[in-house]
Every structure is written in C-alpha cells, then in structure tokens.
Amino acid sequence: MSKTITIDSKAIPFEEGQTIMEAAAAAGIYIPHLCHHPDYTPHGSCKLCNVKVNGRVCSACTFPAMEGQEILNETKELNDDRRKITQMLFVEGNHLCPGCEKSGNCKLQAVGYYLNMLDNHFVHFFARRNLDASHPEVLIDLNRCIFCTLCVRASQQKDGKDVFAISGRGINKQLIFNAESGLLKDTDLEATDEAAHICPTGAILIKRTGYHVPIGERIYDHKQIDQVSLETEHPEHGK
Amino acid sequence: MANKIRLATTSLAGCFGCHTSFLDIDERLLKLAEVVEFDRSPLTDIEHCNPCDIGLIEGGVCNSENIHTLREFRKHCKILVAVGACAINGGLPGYRNTIPLEECLGESYLDGIGVENPQIPSDPELPLLLNKVYPIHEVVKIDYSLPGCPPSADVFWKFLTDLIDGREPSLPYELVHYD
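From first to last, the protein sequence lines are chains A and B. Using UniProt numbering, you'd call the opening residue of the first sequence number 1 and step up by one each time. Using UniProt numbering, you'd call the opening residue of the second sequence number 1 and step up by one each time.
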C-alpha cells in the first residue's frame with residue numbers, strides 16, 4: 001500500500017522524497033505559490049504556500065511529505081495570511097498594473113485575484129528602484145522584482161550561466177547582474193535564455209513583445225491561477 | 001421612495017475615467033435613480049457633502065485640497081469606497097513618488113525641454129502639492145475598495161446593488177482586475 005498524507009481531509013498518495021507541494025500537485029491540488037517552480041530547487045521564500053501540517057505552519061514547497069501528515073491548505077485562516085503576504089509584496093515594490101506589459105499574464109497579479117485581494121491594505125514604500133534598459137532584447141524593471149530568485153535559479157540550473165544574484169539584506173536587497181559594469185548588456189544573458197522568461201511578475205520583459213495579446217485573451221483574464229498552474233506545471237492534472 | 005440612499009462621488013488625483021466607467025452602467029442609471037439620490041458629485045455640481053450613505057472616491061491624494069475633500073467625505077459618508085487603481089495605490093500620478101518633489105517641479109517648470117519663462121507656479125489659489133501621491137487608505141479609513149483602471153461598469157453595478165439590497169458586497173473573479 002502506498003504511503004498517504006491528507007490534505008483538507010482528502011487522502012493523497014506520495015512517494016518518498018516528494019515535498020508536500022509535489023505530492024499535492026501530482027494529485028491535482030493547487031497550493032498558491034510564487035517562488036516555487038517544479039523545474040527548480042525549492043527556495044521557500046515567498047511563503048504563499050504556507051500550509052498547516054499537524055497544526056504547525058510550514059512551506060509546502062520545501063517540507064517533505066511524510067506518512068500520517070494531516071495538512072490544511074484551503075482554509076480561511078491560511079488564505080487570509082496569503083492575502084496579507086501578497087499585499088506586502090505589492091507595497092514593498094512599485095506594482096502599478098495599469099502601466100505594466102505583464103498585466104493579465106502576471107502571476108503576482110493572478111495570485112491577488114485568486115485570493116480576492118481588493119486593496120493593498122498596508123502603507124506603500126514607494127521605494128526608489130532602478131530600471132535597466134541597456135540590453136538590446138531584455139528589459140529589467142526592478143520596481144517589480146519580488147526576490148523569488150527564479151531567474152537566479154533558471155540561469156544557473158537551466159541556462160548553465162550565472163547572470164543573476166540577490167545582493168544585500170532586508171529592505172536593501174536587490175537583484176544584481178553579473179558584469180563588471182553591473183549593466184545587463186554586459187552579461188551573457190540572451191533573450192532565448194530560460195531566465196529571461198521565468199519571471200512571475202513584469203520585472204524581466206522581452207523587448208518589443210508587450211501588449212501583443214489583447215485584453216480578454218491574456219492568461220488570467222478568464223482562467224484562475226489554480227487551473228493555469230495545474231495545466232502548465234502539471235499537465236496531467238489540468239482540469 | 002421617501003428615503004432615498006444618498007450617494008456622493010468625487011475625483012481627487014484621478015482622470016475621471018472611473019466616473020466615466022460608472023456612467024457606463026447606461027440605462028441602469030435610471031434604475032439606480034429610483035433608489036439613489038446623488039449628493040456632492042461632478043454629476044450634480046453640489047459643492048459640499050451633506051450626510052450621505054455612500055461616498056465613492058476616485059484618485060489618490062496629491063495636494064492639500066485633496067486632503068480637505070477626502071476628510072469631508074469621510075466625515076459625512078457612512079460607507080467610504082476607494083474606486084480605481086489611483087485611489088488604491090496612487091496609480092499613474094503615483095509614478096512621481098520615487099522622484100523628489102523638487103526634481104519633479106524643476107523638470108516640469110524650470111529645466112524641462114521647451115519651458116518658456118521658467119518659474120514654479122506659486123499663486124496662493126493653487127493647492128499645495130504633497131511630497132507624494134498617497135493612496136486614500138493612508139489618509140482616512142476606507143470601508144471598501146473597487147480595483148481596476150477603471151473598474152468596469154459591472155463592478156459599480158454589482159457593488160452598489162449588493163449594498164443597496166443589504167448584501168455584503170462581493171466581486172466574482174471576472175470583475176476583479178488591477179488594470
């Protein structure tokens with residue numbers, strides 16, 4: 001008999017070595033996430049995938065599935081926390097959706113929609129952050145970076161490069177580029193790199209592709225992120 | 001109807017796009033008018049708020065006059081609503097928030113391309129600019145928010161009819177947009 005965990009009282013089989021996130025996704029259960037991507041080593045930083053495991057809050061993307069775990073995922077308490085986390089992400093950066101090319105295709109925005117986040121609640125930082133337009137094909141707007149490190153991981157693990165890193169700590173941390181000049185144009189990033197396409201927000205954009213998809217046909221215009229996530233990251237469980 | 005619900009609206013640092021979208025409820029305006037009386041609003045030209053049930057605020061807070069207006073609405077409206085991206089997070093005018101005000105004014109009125117007779121406007125009639133454009137919830141308590149740039153006509157209709165019919169307002173997925 002295979003080993004099982006329960007998520008919201010539903011028995012879910014898992015294999016040794018799987019995280020709770022992996023076991024859930026394999027069973028067609030969506031756990032909200034931004035820094036997690038099935039192709040890369042978990043980072044466990046965004047905390048959106050917080051679930052309650054036997055009464056304790058854990059990150060589903062990093063916590064191993066183990067026999068006998070009783071896990072809560074879709075609860076009001078957890079979703080209230082997730083909404084607050086998303087609001088904090090919005091006020092920490094400068095996320096002005098009406099002027100962003102990624103709008104409609106943005107995972108940060110889609111998570112906000114999924115959690116029915118209608119305002120930002122907290123006081124906005126309005127932090128002064130830079131924009132690097134030096135690269136001929138890729139634009140990076142640090143106003144929209146949420147420090148998920150997916151570009152860092154994609155560059156190292158998929159592209160075999162080391163273009164990105166997070167520098168500094170706390171409120172002073174920022175995404176930096178691996179070049180003497182610090183400019184994106186002097187790195188070996190190419191527009192075809194996985195790292196140039198992995199950003200969940202509008203921080204990394206391919207130039208001259210904005211607004212090609214009209215409103216109404218964008219990824220999250222009619223489909224919620226739980227459905228899209230299962231369809232794209234775990235195609236066998238797309239609804 | 002003897003006691004109509006009183007509704008006030010205003011635009012602070014906004015573009016009136018939200019008001020225009022509100023008017024897009026089209027013929028449903030007639031239904032609304034059966035139960036709602038407009039108070040202070042660009043639609044009525046009433047200059048100051050009387051006690052109201054609902055106040056709709058478009059735009060963020062960019063100058064001293066915006067603060068007075070917003071406080072007047074808060075004082076007189078039982079339910080105050082942030083309408084649209086600018087009211088919620090500063091929106092397009094909020095793009096100036098990462099640039100010091102002196103630099104903004106310098107670029108616009110002193111050093112910018114094509115500026116003639118450079119001077120910072122200082123007529124006492126002009127409201128003083130704030131250092132930043134503030135989302136309205138950072139100035140007064142807000143009861144509900146309607147996201148969107150602008151929120152669609154259906155958002156206004158769903159929200160107002162929920163309130164008027166005594167339901168807790170809620171927006172389905174298709175009506176929640178930040179753009």
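Worth flagging that the hints you see were computed from the coordinates, not collected in a lab. Some hints here could point you the wrong way.
What the hints assert, rightly or not - Residues from chain B that face chain A, not an exhaustive set, calculated with beta carbons under 7 Å: (1) A85; (2) I88; (3) D143; (4) S145; (5) P147; (6) C149; (7) S152.
To be verified - Restricting the straight-line Cα-Cα distance to at most 25 Å, the calculated cross-link-like pairs of lysine to any residue (SDA-like) are: (8) K173/A <-> Y95/B; (9) K141/B <-> M88/A; (10) K141/B <-> E92/A; (11) K161/A <-> T192/A; (12) K207/A <-> Q227/A; (13) K141/B <-> T192/A.
Unchecked claim - Residues from chain B that keep clear of chain A, each with C-beta distances beyond 12 Å, as calculated: (14) N3; (15) E34; (16) N63; (17) L92; (18) R96; (19) K132; (20) V133; (21) I136; (22) E174; (23) D179.
Idealized CB from N, CA, C, for every residue including glycine.
* To do: State the violated hints by number, sorted upward, taking the hints as numbered earlier in the document.
  => 3, 7, 12, 13, 17, 18, 19, 20, 21, 22, 23
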